[in-house]
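S.K.: Chains A and B supply the protein sequences, listed in that same order.
So in the working numbering, spot 34 of the first sequence is number 34, and the numbers just go up one at a time.
Take any residue in the second sequence, count from 1 to its spot, add 1000: that is its number in the working numbering.
You can take every hint at face value.
Computed footprint of chain B on chain A; a stretch qualifies when at least three of its residues, placed anywhere within it, have a C-beta under 8 angstroms from a C-beta of chain B:
(1) 38-44
(2) 202-215
(3) 225-234
Derived from the structure by calculation, the hints contain no laboratory data.
These numbers were taken from a predicted model, which means no experiment stands behind them.
Think of the CB as a built atom: it goes at the ideal place given N, C-alpha and C, for glycine as much as any other residue.
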Amino acid sequence: MTRPVPFFVLVAALLFTEAARASCIFDISDHRIPITTGFAGSEVLLFGTVDEPSDVVVTLRGPLSSVVMFRKARVAGIWVNAASMTFEEAPSFFSIVANRPLEEIAAETELRLHQLGVSYVVDLPRSLGSPDVRDDWKRAMLRNMAGTGLYPSDIGSVTFLGDTLFRARMQLPSNVPTGQYLASAYCLVDGKVQSAQTIPLFVEKTGVEAWIFDFAHDYPLVYGLIAVVLALMAGWSAHLAFGRS
Amino acid sequence: MQIYLPIAELSVNVFLLLGLGGVIGFLSGMFGVGGGFLMTPALIFIGVPAPVAVGTEANQIVASSVSGVLAHWRRGNVDFKMGFVLMIGGFLGSGLGVALFALLREIGQIDLVIRLCYVVFLGIIGSLMLVEGVRALMRRRNPTAERRKLHQHTWIHGLPLKTRFRKSRLYISALLPIGVGFVVGVLAAIMGVGGGFIMVPAMIYLLGMPTAVVVGTSLFQIIFVTANVTVLQATANQTVDVVLALLLLTGAVIGAQVGVRVGTRLHGEQLRVLLAVMVLMVCAKLVYDLTIPPSDFYAIGTIK
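With the rest of the complex left out, here is chain B (with noise of 0.2 angstroms):
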């Protein structure tokens, strides 16, 4: 059965993205990440236009990140105070990433910018979360090693502003998750991302927020982060299809309760290196597609 995007300009089959959304569900469900980086390289590789994509996926993490926050706010694992600091770096680094995302389509950079941010970032979290989960894995089995510490002191905490965050036990520059949020809104505005798999290491390497408030708390500010990149997705380019977000948050809120009940049979270490396993295979699969020669070396940019 096909339906007629009405944004996107093109018609495609109803189950298509019913799986779609179903199958990234899933995923997200089982490893609890957003899916944002998997679902906006899938839309764009069957057909939907690389901006289109990138505004409705926002769209799309908005119900997602709601429904999860809250389960997590329901047993007391979100830190307000600490999301409204990231949100403000968020609706700043957002709002730069909507015009830069303009800017780039403009002089035709576009798919080139997104491919590489998803390479890089891929390619760094991937790497870390396999090195984390294989010691991780390896500590289970040799429970006598010794325990890393929470986080290191360094010049980060001479910053100004200091502020103290009660429910993450912190005290710090407010500069900070002021900076992680800025830099993850520019993200999640070029990527089509809600940015909770930069998000969540950064909180807990950078920031040394305690793990069980980080999900939470990155959902908390991922709703507002992603609400506003829709706001100023469809304002400044008109790329938001509703129609298309429906479609795959239905899918996708029926996989994640799927994944999530798989997901509590396996185990963290498991998941986690299984996670690394795969976002390292989106990015060997992105890389291989920038290295080989195209079979075409024109393309079109824009039809106006």
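Isolated chain A, as found in the complex (with noise of 0.2 angstroms):
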């Protein structure tokens, strides 16, 4: 599931480019990310300038995925999933890099404002229950997935080189969806955004496993009897190799 740039990220982008006094321009290293054969994560390289001394922050999201929570409890001396909560539109990977604290560039409520952290990305519906409840299911979210690799938290940096040029480094776990990102750099001065700017990227299989990937859901019945086919050919073979004996 891909969605456009995000509305807030051009409307940042609209009204920080008129009134701004610094601004920041950036190109990532690759605008795809081939998943082959050998894949076990990667990194993605960002580099850019910003014209005047500022802080810069890059956040990087996957597309939008619904991400269904559990809650166990114990039920007859075991623990069973008794209660499940919903996360519609949760960025499926979201990574974000600065070159200082976070907390030490920006108040809560300009990186609230501007979603910078995965926490003010992630929410539920304020329908759903008391604010305690949804604070913990969000807890409880933000923690699992973390510990997937899919909301890294602090791997990769923003390190400038000199006054203006920066560099981003972030990583991309093995695991990692597919689809279109988007990497989003921000520069800040006195705790204020300043400017911002959003490049897609995208990350997608390729070669023998994007063609096995896409057979087995263009034509599944056929993938279906060539699975079993393969496995009757290479059992058979091993009883010609080895059975005899």
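Put the two chains together into one complex, using the hints given.
M.R.: In structure tokens form, the structure reads like this:
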């Protein structure tokens, strides 16, 4: 599931490019991250400039997904999934890096306004239960997603080369979901976002992997039959190779 | 060396998969069991999503059953008529099982049901095998003890559709093997196993089949039931990973050969006791995991 550039980014970009004192421009080393046979995670490298000394925050978001969480409870001595909660439109991947700790760069209100932090991105509708219950679910969801490596907490960094050149590194784990990603860079002066830029990039399977995956989804019956035939042949050849002894 | 599995959508070390296939192939060769009941939990443990583990394991069991059944066929140890009747039940059962699997996944209880199925069946089968194996060991030391009757006559033998199974020297209702095939088919689809470890005792104790034809016949019908599960899982859920299946298969084929050779050096009764202990250990571990308070009360169900 993908969505074009989030509305707020467009608004931010339009508002701030006009009146901004500082602006930033960046690009990514690879706009396509191929998932090949040997894929074991990847690194996204961004580089850019700011036209005056400022803080830089970079986010990388995966395509939106719906995440179902379960809460366990004890029933007759065993732990079972008793309650569930669905987070609609949560990013399937979210990573954020900055040149120094976020809380030193800007106040919470500013971070929340620009969704600089995964806890400002993921949310549950207000209609669902009390704030305490919603908070519990949300904390659990963020904790578990961090555990899977899809919401990495502090992997990567933004480093300045001199006053205006910056470089950001972000790690993509091997279980990274495929689809369209958005890399955004924000430059902040005195705790206020001055400008922002967003660039899409694509994480996609290529080669044999892509072919097998597409085939399994496009022709599932044929795929299943081929899988069975392959297994039959493998079993038969195993019998020929070893069975006679 | 990492390899990216296209359907499981994760990257795993090739040698881990080959080794896993090898170890479980070794055990299955040594004990003459399918190994699915060990492989599926092992795959889930290394991070393969449960539906993919179940679908892929069904695919792998097709291959290992084929190579097994060919050996039994050459020795004339396959009751084809019984196999076909079991298969009718197996097709119906595995069809229901795949549908049930999808439903349980939807409501988030599939993990629990898989685990409970394992606990119940491993517990029962393990205990039975242990008791039987220990008795056999004692009987060997004390050969004067009386022999058990082959099977008891009960209400089961009054069911309609009586059919003669020459090879098994049985004249029983066809409903019985259909019923056995059905139950095992459901479990095969849900648990990602061939079901040999349930089928074999059921054939011996419930149907009263002679031991010689039990394994060959069980393997024969497992091929078709697991092939059915593979196709159904591939069409309904796209959860069959051929790359994963082929890797596991390669390890399992080699491991099984070594296992068979080691197995022939050990006595049948000792093997049975050993297998029983192993089955009960897996069962105890599952019970332990279900009853201790989880480290996190919350867990991710699905990400779509």
